[in-house]
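Enquirer: Sequence:
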Amino acid sequence: MVMSERLKKKMSVLEIPIWGGYLRSQWETHFASHLSEKDKEDIFLNDEGGYLWHLFSYNRKEHLEKSAAIQAFIKQPKGSCFLFYQHSNYALRLENADKLTIQDLHDQSDVYIVSVDFSWTYVVTHEKDWLGPYFSRLTS
1 MVMSERLKKK MSVLEIPIWG GYLRSQWETH FASHLSEKDK EDIFLNDEGG
51 YLWHLFSYNR KEHLEKSAAI QAFIKQPKGS CFLFYQHSNY ALRLENADKL
101 TIQDLHDQSD VYIVSVDFSW TYVVTHEKDW LGPYFSRLTS
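Everything in the sequence shown is counted per the UniProt record's numbering, starting at 1 for the first residue and increasing by one.
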């Protein structure tokens, strides 16, 4: 079942199929703005074959991981958020997303959930049981 169809049973879902690049750019702006372009290159943040979540796996941004990340995501009020992928322009805007669960994401990889104000993010990597998942909040 397509992710949007699965989630539509639980919340309001708007498919935004060409927003992936924009959301990845905004995610990088909000979560990796403290890094220089050289730092980003060093961790393969946005190179071809790179991943935004390298920000966490290279410990360049404060984050929680594994079970601590899962618990933070479960407890996080979600409200409105975006769901997007590392290697796709397909994205979703989720409204009333408090019903979004870890189980909804179990078959997903390199997927980013981020609040519409980019104040927190949850990332599921393709490196299951090795790297991630990750959760991070921006501090004010």
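Check before you lean on any hint, since a few could be wrong.
[Unchecked claim] The calculated lysine-lysine pairs, modelled on DSBU-like cross-linking and capped at a C-alpha distance of 35 Å, are:
| # | residue 1 | residue 2 |
| --- | --- | --- |
| 1 | K10 | K38 |
| 2 | K128 | K78 |
| 3 | K75 | K9 |
| 4 | K9 | K40 |
| 5 | K61 | K75 |
| 6 | K66 | K10 |
| 7 | K9 | K38 |
| 8 | K40 | K78 |
Simulated from the structure, these hints should not be mistaken for lab results.
Enquirer: Compare the structure with each hint and give your call.
Expert: Against the structure, the hints:
1. K10 to K38: violated, 42 Å
2. K128 to K78: holds, 23 Å
3. K75 to K9: Since the Cα atoms of K75 and K9 sit roughly 21 Å apart, the hinted pair holds (cutoff 35 Å).
4. K9 to K40: violated, 38 Å
5. K61 to K75: Cα-Cα ~21 Å, so holds.
6. K66 to K10: Answer holds: K66 to K10 is near 25 Å, not above 35 Å.
7. K9 to K38: The given pair, whose Cα atoms are some 44 Å apart, is violated under the 35 Å limit.
8. K40 to K78: holds, 28 Å
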